[in-house]
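Engineer: Please model the complete structure; the sequences and the hints are all you need to start from.
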Amino acid sequence: MAFEITHHCIQCDACKIVCPKRAIQRHSEGLVMTHRCNECQDQTSIHCASICPVENAIVDAQGHSLNPTDSLQPDECILTLIRQRQGLTL
Amino acid sequence: MPLPLSNAEIDEKIAQHPCYSAQAHQYARIHLPVAPACNIQCHYCNRKFDCSNESRPGVVSKLLSPAQAINRFTSVMKRMPNLKVVGIAGPGDALANPAQTFSTLNAIKDIAPEMQLCISTNGLELNEHIDALLAANVHHLTITMNTLKPEIGQLLYAWVYHKGVRYKGTEGAELLIEQQLEGLRRATEAGLLVKVNTVLVPGITVDGLPELSKEIKQRGAFLHNLMPLISEPEHGTYFGLNGVRGPVESEVRQAQILSGNTMKQMTHCQQCRADAVGTLDTPSPCSTNNSNRLRIAVASKTGTVIDTHFGHATFFWIFDITSEAIRFIEKREVSVYCQGASECNEDADNLDQIVTTVSDCQQVHCARIGMGPWKTLERQNVQPLTDHAYAEVETALKTLQQVWLEDQQRLKEVS
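Chains P and X, in that order, give the protein sequences. Be aware that the first sequence starts at 725, since it is given in my numbering, and climbs by one per residue. Be aware that the second sequence starts at 138, since it is given in my numbering, and climbs by one per residue.
Keep in mind that the hints were calculated from the coordinates and are not lab data. Just so you know, these numbers come straight off a predicted model, no measurement behind them.
Partial list, derived from the structure: chain P residues whose beta carbon lies under 8 Å from chain X: (1) 734; (2) 771; (3) 777; (4) 802.
Using N, Cα and C, we set each Cβ at its ideal position, and we do this for glycine too.
Structural biologist: Below is the structure:
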């Protein structure tokens, strides 16, 4: 078992730097998850997925995204608060 | 030079760093873009571009490996005798890429020990790396700190990654602020010269400035750089896409006065790229420039050398640079702006006609230019430059075409 990096990856290297198993390598076509990945089963969290800045860039063996669409967007109430403070009307 | 520095050493370091001293504009700096990863997500940043709490948004720097960065440094050092500072500012966060950042810094320390080393960071991992910074002989540190309050921080940061976990909302903001404050204090105690950058966002970061200024002063920061939020939809940032506005000029001045009661201000920040080179006059091409040509005006007596002070120009030579060619367009006459040899009477009408004459140009090249005309031109979206002062026009044009082509190529890659 291992996770996989998809085409949504923006090549920022953040996952490669934090992976506790050094499972992510840079190849000519981009960042690649190697067999060293054990899905962070011995960790308290999934490191690569926790730092990845883009949605849908890492999937599990079933193809499920670890950061699905909208999961990294701020809550709607944040925008409301900002607009109130800037005196903007909706 | 090991830390702590003596007062004389501190004065020298401040005086020769073009970002730390407004009088140091003749010194050049180079940013080496070796740090792509980031450990936080700011609402004013689009990850396709450079970190926009360091550079103006929409700017892309081509990533360099540490080895490539050293090569770039050595070749620039040969042609730029006024190079004084080497900085790592991005494209992401310098301390989120410790291996790349420190191997680059340590290599420069060994081959050019006279260079002043500088990094920029959001401060989240600063505590972990203070010893490494000292060992690498880094003396200058910039930390971007926007607020002391987690309830404001949650409006600025989508999430913060620390030790394997992603933290959101006020929890993430509180963690970031704690780490920044602790890191700032420990850094200044270790003798590092710390500048704090704050992004000015009306209604969000402006009100907290007096309190923030006092806190950073108390923790030993010696310079405060207030950077106006630049926020357009085409930057693709959360703020830009949602119409969150940056400050108008009067709000910026007001903020500088507010903060200036406590902290010495930096007022000449160019919000430059993670791969910037040269004096602070060096251009940062803006991604909102959609034109397929670069039109420049050159202040020159005969059109062969860029030899004229902006205020003394009677002619501007206009050139168009495209990917295919460099074309001379015409010679435009102006009334001389500056009557005296040194002092200019800053006659606004006289300046207006000159600015109008070059207003269709993206850049104006001259040997020297005063602050007043410089700011007026920038407000008209014309970038003044003295980077090629006294160069032959032909040589400068070829260099500009090369740089412009590279930027156009990079912009295509990210859009």
